[in-house]
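A.B. asks: Listed here are the chains, written in short residue letters.
There are 2 protein chains.
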Amino acid sequence: MALIVQKYGGTSMGSIERIEHVAAKVAATREQGHRVVVVVSAMSGETDRLLKLAKSVHPRGNPREMDQIAATGEQVSIGLLALALEKRGVQARSYTGAQVAIRTDNAYSKARIKDIKAERLLADCQAGIVPVVAGFQGVDDSGNVTTLGRGGSDTTGVALAAALKADECQIYTDVDGVYTTDPRVEPQARRLDRITFEEMLEMASLGSKVLQIRSVEFAGKYKVPLRVLSTFVDGPGTLITLEESTAGESMEDARISGIAFNRDEAQLTVLGVPDRPGIAAAILGPIGEANIEVDMIVQNVAPDATTDFTFTVHRNDFDRAHDITKTVAAELHAKDVRSASDIAKVSLVGVGMRSHAGIASRMFKALAGDGINIQMISTSEIKISVVIQDKYLELAVRTLHKAFNLESAAC
Amino acid sequence: MALIVQKYGGTSMGSIERIEHVAAKVAATREQGHRVVVVVSAMSGETDRLLKLAKSVHPRGNPREMDQIAATGEQVSIGLLALALEKRGVQARSYTGAQVAIRTDNAYSKARIKDIKAERLLADCQAGIVPVVAGFQGVDDSGNVTTLGRGGSDTTGVALAAALKADECQIYTDVDGVYTTDPRVEPQARRLDRITFEEMLEMASLGSKVLQIRSVEFAGKYKVPLRVLSTFVDGPGTLITLEESTAGESMEDARISGIAFNRDEAQLTVLGVPDRPGIAAAILGPIGEANIEVDMIVQNVAPDATTDFTFTVHRNDFDRAHDITKTVAAELHAKDVRSASDIAKVSLVGVGMRSHAGIASRMFKALAGDGINIQMISTSEIKISVVIQDKYLELAVRTLHKAFNLESAAC
Numbered sequence: 020m021a022l023i024v025q026k027y028g029g030t031s032m033g034s035i036e037r038i039e040h041v042a043a044k045v046a047a048t049r050e051q052g053h054r055v056v057v058v059v060s061a062m063s064g065e066t067d068r069l070l071k072l073a074k075s076v077h078p079r080g081n082p083r084e085m086d087q088i089a090a091t092g093e094q095v096s097i098g099l100l101a102l103a104l105e106k107r108g109v110q111a112r113s114y115t116g117a118q119v120a121i122r123t124d125n126a127y128s129k130a131r132i133k134d135i136k137a138e139r140l141l142a143d144c145q146a147g148i149v150p151v152v153a154g155f156q157g158v159d160d161s162g163n164v165t166t167l168g169r170g171g172s173d174t175t176g177v178a179l180a181a182a183l184k185a186d187e188c189q190i191y192t193d194v195d196g197v198y199t200t201d202p203r204v205e206p207q208a209r210r211l212d213r214i215t216f217e218e219m220l221e222m223a224s225l226g227s228k229v230l231q232i233r234s235v236e237f238a239g240k241y242k243v244p245l246r247v248l249s250t251f252v253d254g255p256g257t258l259i260t261l262e263e264s265t266a267g268e269s270m271e272d273a274r275i276s277g278i279a280f281n282r283d284e285a286q287l288t289v290l291g292v293p294d295r296p297g298i299a300a301a302i303l304g305p306i307g308e309a310n311i312e313v314d315m316i317v318q319n320v321a322p323d324a325t326t327d328f329t330f331t332v333h334r335n336d337f338d339r340a341h342d343i344t345k346t347v348a349a350e351l352h353a354k355d356v357r358s359a360s361d362i363a364k365v366s367l368v369g370v371g372m373r374s375h376a377g378i379a380s381r382m383f384k385a386l387a388g389d390g391i392n393i394q395m396i397s398t399s400e401i402k403i404s405v406v407i408q409d410k411y412l413e414l415a416v417r418t419l420h421k422a423f424n425l426e427s428a429a430c
Numbered sequence: 020m021a022l023i024v025q026k027y028g029g030t031s032m033g034s035i036e037r038i039e040h041v042a043a044k045v046a047a048t049r050e051q052g053h054r055v056v057v058v059v060s061a062m063s064g065e066t067d068r069l070l071k072l073a074k075s076v077h078p079r080g081n082p083r084e085m086d087q088i089a090a091t092g093e094q095v096s097i098g099l100l101a102l103a104l105e106k107r108g109v110q111a112r113s114y115t116g117a118q119v120a121i122r123t124d125n126a127y128s129k130a131r132i133k134d135i136k137a138e139r140l141l142a143d144c145q146a147g148i149v150p151v152v153a154g155f156q157g158v159d160d161s162g163n164v165t166t167l168g169r170g171g172s173d174t175t176g177v178a179l180a181a182a183l184k185a186d187e188c189q190i191y192t193d194v195d196g197v198y199t200t201d202p203r204v205e206p207q208a209r210r211l212d213r214i215t216f217e218e219m220l221e222m223a224s225l226g227s228k229v230l231q232i233r234s235v236e237f238a239g240k241y242k243v244p245l246r247v248l249s250t251f252v253d254g255p256g257t258l259i260t261l262e263e264s265t266a267g268e269s270m271e272d273a274r275i276s277g278i279a280f281n282r283d284e285a286q287l288t289v290l291g292v293p294d295r296p297g298i299a300a301a302i303l304g305p306i307g308e309a310n311i312e313v314d315m316i317v318q319n320v321a322p323d324a325t326t327d328f329t330f331t332v333h334r335n336d337f338d339r340a341h342d343i344t345k346t347v348a349a350e351l352h353a354k355d356v357r358s359a360s361d362i363a364k365v366s367l368v369g370v371g372m373r374s375h376a377g378i379a380s381r382m383f384k385a386l387a388g389d390g391i392n393i394q395m396i397s398t399s400e401i402k403i404s405v406v407i408q409d410k411y412l413e414l415a416v417r418t419l420h421k422a423f424n425l426e427s428a429a430c
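Chains as they are written, first to last, in this note's numbering: chain A, 20 to 430; chain B, 20 to 430.
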């Protein structure tokens, strides 16, 4: 008998019929002999409706009031699911974030969880009652309602699982697991049975929208086994764990889990900067001070006294970053600033990659074979990322998927 | 500088424009130098929408969950009004029932207020902040959300005014005060400047739907001056107080405040019951045990050894009451049971009425003059009620309104 936290998102709670379907799934888990604590989001579209209503009153209103309003979406859905469970003969009790209590700081609309009181929920479990907890929300020390920001229900689920020392946190969503890459780009994409937290973080940060990054970090930190499953299609989903899978592969092999990509970035290059210590800081300092996040940074070894310095930022920040960079470049007496927003980033993600130089060359060779020029390269322990022209993105993903045999389970 | 509690109902909060209008009224009261605490209902239709949603999941679900869901209506409207006030430059802060805290028993859907913590609201007032409190809801000792039942926002307003020792509780609604009778029946009906709590209770219990009865009782008990005003039309409204108005009238005069009426009752008569002690209890005992409320009771002096016993019940309870009465009548060897549901009750309401026998005869004479037969009569300190055939109701109201000169201020 395990203690399982199940989190159902807005799509899973999107209608009365779907809420009844969720109740059936919870009941089935209980019939398997497990204790269940459920976390739910607001019915799909409801949070947007509420925020739109609030903004129609005041476009930039006090975030305390925005949270007070937005939190009602989950308060309705916990009540509805508790009723649906009751109708099935399963005793249930709904809890808002404040009622649990899920204590947060008071950073409205992006609050962080400080601690969770688990006693009441554990007592319910002991008494055979299923607690249904509102995701996305908490309460600060003064009793004000806070929200955790978009996708925060995943974080609530993981945090609850950690506080309850649950055996598994199951995130139910509208996809049936984590795939080797986006199936809309590569129809041969394959569902992974398991993936490590680190790999999942890379996949998520690179545009794989299955889980909120913060919830994966949280799960990794508190060692909560996390499973992504579909609400609508039965199946084992993908387990996200600390341990690497070793089934069916030699320990010597590097394992490629998948291919992540995004089109969210833009590239800035400062040409002909004097190659001397402190140049990177001189360029990136003002960018950081403007609260612009920098992703990839590349600086080549200088062939003469000058060098070229390239970095990428989110496209939303591109105009501001461009202005700042031009000012800095002038001060540094650089030759020129070049920019490109028609770029895409493609990454191979997998454990043990760095130690296998062969992987990088196999990647570059596959791309070259299709005439795709690589503009930037960056590597980490578990990924190799390249920047290419965005028109080649889909081709690059399919080419790499094939080159690394990701469509078959043993690669 | 007074401390005023203003309560705005669902119609007043029915749209973004109306919420902004409420904000303007609150701001205007502040500009007059007063401190204001606001209580609001859910936007009109919202509570019904939420309960319908809940019932579509479970028609007779756990009332705890129904309250959890229903309470979100006010949580949204307090947030919206706080934002609308902020946009006008008025500092405001929203509070759910739990956040105040408004402590109740745990009788879900019809909870009673036990006590209210006033400190936080008073501190806000001191700091120039307008607290915006959710009506209709509270919290029990275990932190569960409760609701006070339909119209409970009026009760919240009055209870808050009592706890804050406010100078006045203003109930804003869609009518501009309490009238001598329903203007839809008698176009000459006149708005009353003031009325006593007792008169208001009679008016309210007799179908004048301006205020929830419980809130009037509450206001009377805690001596909170209560004022009914229109959200949409400026004016002084009607003040409901402990003291009787004496302006413009001799202290010897009885004062008729108005004419109340309803069509909600049905009549049962047990004919030819033996006239002996305990008969009333024998008939009404089983009715009371079936939780049916009895309104008027009339038993005539018996001309022989038997008497006729008549009483009225709410029409919703008529069928059940009829069955019970027939059983009891048989046991008592009564001659027959007669019933009528085509009846109406009309009442003259006013202070000091009993001591003025002339009023009753003037009333009966006026009705007789129009050929209206009186079936039952009952009197109290501040009202005289008669039961007539319901087809004469409108005529009776207009006749009495004229007979007592209620269209002119001094009667």
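Hints in this document: simulated from the structure, not taken from any laboratory. Hints should not be assumed to be uniformly reliable.
Note: identical chains are not told apart, hence a pair may lie in one copy or across any two.
As the list claims (entries may be wrong) - Straight-line C-alpha distance at most 25 Å; calculated SDA-like pairs for lysine to any residue: (1) Lys44 to His77; (2) Lys71 to Lys106; (3) Lys242 to Asn310; (4) Lys242 to Ala137.
Here the structure is a predicted model, which means the values were calculated and not measured.
A.B. asks: Would you mind marking each hint as holding or not holding in the structure?
C.D. replies: Quick rundown of the hints versus the structure:
{"no.": "1", "hint": "Lys44 to His77", "in the structure": "between (40 Å within a copy, 17 Å between copies)"}
{"no.": "2", "hint": "Lys71 to Lys106", "in the structure": "between (33 Å within a copy, 16 Å between copies)"}
{"no.": "3", "hint": "Lys242 to Asn310", "in the structure": "neither (31 Å within a copy, 58 Å between copies)"}
{"no.": "4", "hint": "Lys242 to Ala137", "in the structure": "within (18 Å within a copy, 45 Å between copies)"}
When each numbered hint is compared with the structure, a violation occurs for hint 3 only.
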